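Protein chains: 2
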Amino acid sequence: MDNAKIYVTYKESILDPQGEAIKTALHRLNYENVKAVTVGKYFEIKIEDHGQNIEEQVRKMSDELLANINMETYRFEISRIEED
Amino acid sequence: MDNAKIYVTYKESILDPQGEAIKTALHRLNYENVKAVTVGKYFEIKIEDHGQNIEEQVRKMSDELLANINMETYRFEISRIEED
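So the sequence lines, in the order shown, correspond to chains A and B. Going left to right, the first sequence walks through residues 1 to 84 as the numbering used here numbers them. Going left to right, the second sequence walks through residues 1 to 84 as the numbering used here numbers them.
If you're looking for bench data, these hints aren't it; they were derived computationally from the structure. All values derive from a computational prediction rather than experimental measurement. Hints may be right or wrong, so weigh each one.
[To be verified] Label-pair restraints from in silico Cβ distances: (1) A/29 x B/73: 17 to 27 Å; (2) A/17 x B/80: 20 to 30 Å; (3) B/48 x A/82: 33 to 43 Å.
We treat Cβ as the ideally placed atom computed from N, Cα and C, and that holds for glycine.
With the hints as constraints, model all of the structure from the sequences given.
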């Protein structure tokens, strides 16, 4: 079993209104030293390993479903879960 | 300047309907070896360092605004950004 952690964020050129709103809210709570906020999605996926290329599978799943590749970018980490 | 990466996910005991929906969608796309999907939020926050306790500030911001501590749990990493 493998565990994939996938982080999806907006591309640099895309406006992130949710991030801006959170920055404003943090300033209102007196955290005025907050200079920038980016919001993204985080997925943790447990994948059964049948000898396939897990990295390629995670990339495909991200491109097809998890990220909107027009507006978003992603990175991922894969770790192995030891089975009993 | 510090960079905080905060990951917010549902607590273990809380049903994650979005994760279940994504698992179903991945199965429909023929990724049947996907066994579990957890969905969360990911925040990246740039914080000016005025000598305050950054870790404590990030914990407070998470408790007050970023996470719903009744249903969600979070973890974070802080790294220093070198200034020019």
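* Asked: Looking back at the hints listed earlier, which ones does the structure fail to meet?
  -> Violated hints: none at all, because every hint is consistent with the structure.
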